[in-house]
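J.: From the two separate chains plus the hints, produce the assembled complex.
Chains as they are written, first to last, in our numbering: chain S, 18 to 342; chain Y, 61 to 307.
Note that these hints are calculated values from the structure, not bench results.
Yeah, the Cβ is synthetic: ideal placement off N, Cα and C, and Gly gets one too.
Mixed in with the good hints, there may be bad ones.
[Unchecked claim] Which stretches of chain Y does chain S cover? Using the computed rule of at least three CB atoms under 8 Å from a CB of chain S, they are:
| # | segment |
| --- | --- |
| 1 | 84 to 90 |
| 2 | 109 to 119 |
| 3 | 124 to 136 |
| 4 | 203 to 212 |
| 5 | 268 to 280 |
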Amino acid sequence: MRSVVVLQAGPLMSVQDLGRTGYVRMGVSASGPMDEAALRIANRLVGNAQSDALIEFAVTGGRFEVGEPVCFAVTGGAVSITVDGERVDGWASHVLLPGQVLHIGALTNAVWGYLAFSGGVLTEPVLGSRSTHLRSGLGGLEGRRLVPGDALPLGDPADEVLDAPQRVLRMPVPRPAGPIRVIDGPQAGHFDQAAWQSFLREPFVVSGSRDRMAQILEGPLLRAAGGHDIVSDGTVMGSIQVPASGRPIVLMAERQTTGGYPKIATIASVDLPRLAQAMTGSLIRFKRVTQAQAEDLWIARARTLETVLASLDPGADAANEGGRS
Amino acid sequence: MTVPDPMPSAYPRLAANGDRAVVIELSDQISEDTNRRVVALAENLDRQPIAGVIETVPTYRSLLVSYDPLIVRGRDLQVLLLERLSTVRVEEARARRLVVPVLYGGDAGLDLNEMAEMKRMGTADLIALHGAADYRVYMIGFAPGFAYLGGLPEALHTPRLAVPRQRIEAGAIGIGGKQASINSVAGPSGWRFIGRTPIRMFDPTRSDAFLLKAGDHVRFRAIEEDEAAALDAAVAAGTAPIDWEDA
Chain S
18 MRSVVVLQAG PLMSVQDLGR TGYVRMGVSA SGPMDEAALR IANRLVGNAQ SDALIEFAVT
78 GGRFEVGEPV CFAVTGGAVS ITVDGERVDG WASHVLLPGQ VLHIGALTNA VWGYLAFSGG
138 VLTEPVLGSR STHLRSGLGG LEGRRLVPGD ALPLGDPADE VLDAPQRVLR MPVPRPAGPI
198 RVIDGPQAGH FDQAAWQSFL REPFVVSGSR DRMAQILEGP LLRAAGGHDI VSDGTVMGSI
258 QVPASGRPIV LMAERQTTGG YPKIATIASV DLPRLAQAMT GSLIRFKRVT QAQAEDLWIA
318 RARTLETVLA SLDPGADAAN EGGRS
Chain Y
61 MTVPDPMPSA YPRLAANGDR AVVIELSDQI SEDTNRRVVA LAENLDRQPI AGVIETVPTY
121 RSLLVSYDPL IVRGRDLQVL LLERLSTVRV EEARARRLVV PVLYGGDAGL DLNEMAEMKR
181 MGTADLIALH GAADYRVYMI GFAPGFAYLG GLPEALHTPR LAVPRQRIEA GAIGIGGKQA
241 SINSVAGPSG WRFIGRTPIR MFDPTRSDAF LLKAGDHVRF RAIEEDEAAA LDAAVAAGTA
301 PIDWEDA
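With the rest of the complex left out, here is chain Y (with noise of 0.2 Å):
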């Protein structure tokens, strides 16, 4: 019996998934260049689509191309790949940033104090430490509207929970060993949980029903009170305003 390759030792590297997908990955790291090369490759294809190119998938660090075997076939599919990564640009200059209110702390703040003491640092300290770092959007997974956000400060760094909760809300802001996010629908979680944000990430009556997509870049903006109330109010009269800016 042939046993696959264990130790691919050149990238790119072509495989299949099933004879309806085929996958390219550029690393087995995750790194920002990888991951800024694989969203330029998705947003080449979307730009000039290869024939029977259903959708792809990009990730840290590859992407999955679903196709139609009877529109063309995997092998050569890869070949166009290739061809096409080639000839792929990183342009970084049309990054967006999505700035995202937080109410730090209070009921949806579970993890803030703990992390607090873990850290040894005030509540005020983290918060800060976390408000000033540039988040990148390295992919969208696990849930609708789910973004994977790398930039999260080193000294931020905290393994998830043993036991993952039942329950966390749209909307927490949570923290996961290296990475953020923003709870996009409500659902189980390990993650660590800090505050919450008015913010919805997806919202299916919303003509942009999700917000993010890989490669945009998001920082947080502490809030009070009175501004997560009003906010909440204008988010359930959809008339919240999303806040961008050039990243």
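Just chain S, same shape as in the assembly (with noise of 0.2 Å):
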């Protein structure tokens, strides 16, 4: 069987695919990426469908080789990524071949990469995803991350290896500047005036406390006047939650499935992958828009996405000359 054996891993690498779903109700999150955008382009840079597992590593990549000619491609933000020392692309398909060693560097503009390899990566589905579910232990390898000496099965890749032609992002995803959106929470009413005034008009720092779980954001303290407990209810990826110490936690793909904090605001999920992929330390603004706005957005960026990835196929170049920004 195809393999990928890991010779150096980052601090938090770990298989994912889009995420596990329906098991909600019975206390597990989806999981799944931090960036799903990322997750699919390289899914589709290497030939693979959109369900296949890939590894998602947090900041620093890892050495790999492989037993038998793969495609590989890397996204998420920039990195050096390289084959027996010759640099190579992101965002693009490359061959690695037995014994050739590819290196993957620290992001330096992202927080969170994606490695994907053609066939994908064929560990054993838990409640029906190969999602890693770190928290609880559950998919991906031993529902654990990955570290040096592991060895992930591959499927069998769809195209030719050595013969596909290479793929390569020219019409990359646009990532929108400014504030952050963000939608009433449930609990929006817990939170007054001046709550809500701090909230929306003083930057936070996306602090180095985050995982796949969650995000601290520093900042002006929160006071929930109607008070920090409330009778738990569900939670989604994006939910705003505000503890009793006023610092705002932003629940991420490995969240509680349900709190009992109350929640202020979602994050727009067209927002989600530019909060999870900001780098520790720097400044984010919040801005309100309606339920209505958002799903707008997302409805925009799901047909932006479909189209950049449909131009990432073999033929699809001529259509999209001079599309390169």
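T.: Below, the structure is given as structure tokens:
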């Protein structure tokens, strides 16, 4: 069977696919990628299905080798990638041969990187997904992060690896600048005018207290006039909950499915990857939008992403000539 | 700046939970009637799905409904959910009860003696009280398969520990405030523990990975060391019987 061996691994490297659906009511959040578009693009670059599994890493990549020729691609952000010391580009497909060593350095403008191999990572699915849920020890490779010495089985590639034309991202997904958009949360009314003014008018720092489960923000402390304890209810990725400390916590891919802190707002889906990929120490601001406006943004983003993905297929180049930005 | 209404006066109340979920709140209090309606609405949506709804999460007093905005918009979904709620009948006839064998005390019963002292009762009385009650699963949350059980006799209500313990094993039988629990996975916890069950509430290798869902009932049955050991072996072999009765 085809496989990839991890020779060296960054601190938070795990197997991910699009995530687990249907088990939130059983206490299992979706998990899946922190930056879904980057996962989808990585898969398409190597000719995989969107649902295939790949390797997600935080900040630092690692070193890898394979037993048979495979096609690979690295996405997520700017990073040094070499094959036997020769530099190759990110956001593009390359061939890795047995005996060669792939090295991925540290991301310089993002937090989460994606490494896809043709054929996809074929660890055993758990509850319908290969995504690792580190907090629960589910999925991926034994429910844990990857460490040197791990061997991951790979599927058979759809394309003939050695003859396949290179696929290159020429039309990046535009990542909007400006404030992170939020929708009033289910307990928006727990927060008074002063708290809302602080929340919307002052900047927050993306703190180093972050992982696949949550992101803590530093900035003005937000007091919930209506109290910091509620009867526990459901959470979503992007829920901004405020415990008694007043420090907002943004729940991410491996969040707890229910929680007892008031949720002032929810990050618009279109801006979730921006928060996930914001460098530690960077400043963010929030801007309030309605649910309908956020849906419009998300629908537009989904269409753009479809166009971007289609542009990666062999033969799509002619149609997209000059599309590089 | 418009500040959201701090005191929603009327229930049911619908609220956005981002751009891919809405929440329908039936109350801001915990009650069995409210929870029955939440569970009934969730089951109704399972039987007759609304196009675009991806999954639902029943909790104490509200239902989270996640959706795909490419198929249904939040505003329209809110209207559909209100309509659906008005047609839902609460049927408790179909409720089932899981009988959970418990070895009280021992290594897993970390707090049994201290709790008995706090309550000024013998451990046997405490065990009898805990074992005689009928519990209801209000919701599953926090961790895979973790059931929040209502119905703990008032005499057993006990505050959580000030400092959580770092690791409590799966199967530990807990008490936290007014609630009872069965630990579904190992992990940190500030609840009090009085025993353990060999039965696994969550086992991803089992065909029914999760034993309990919101709306189920639970009762506890005291067992001795030899039965616990036999059940441990059966659980390890994947042959442990799961004991359901009509609630």
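J.: For every hint, state whether the structure bears it out.
T.: Consistency of the hints with the structure:
no., hint, in the structure
1, 84 to 90, "holds (count 4)"
2, 109 to 119, "holds (count 6)"
3, 124 to 136, "holds (count 7)"
4, 203 to 212, "holds (count 5)"
5, 268 to 280, "holds (count 4)"
When held up to the earlier numbered hints, the structure conflicts with none and fits them all.
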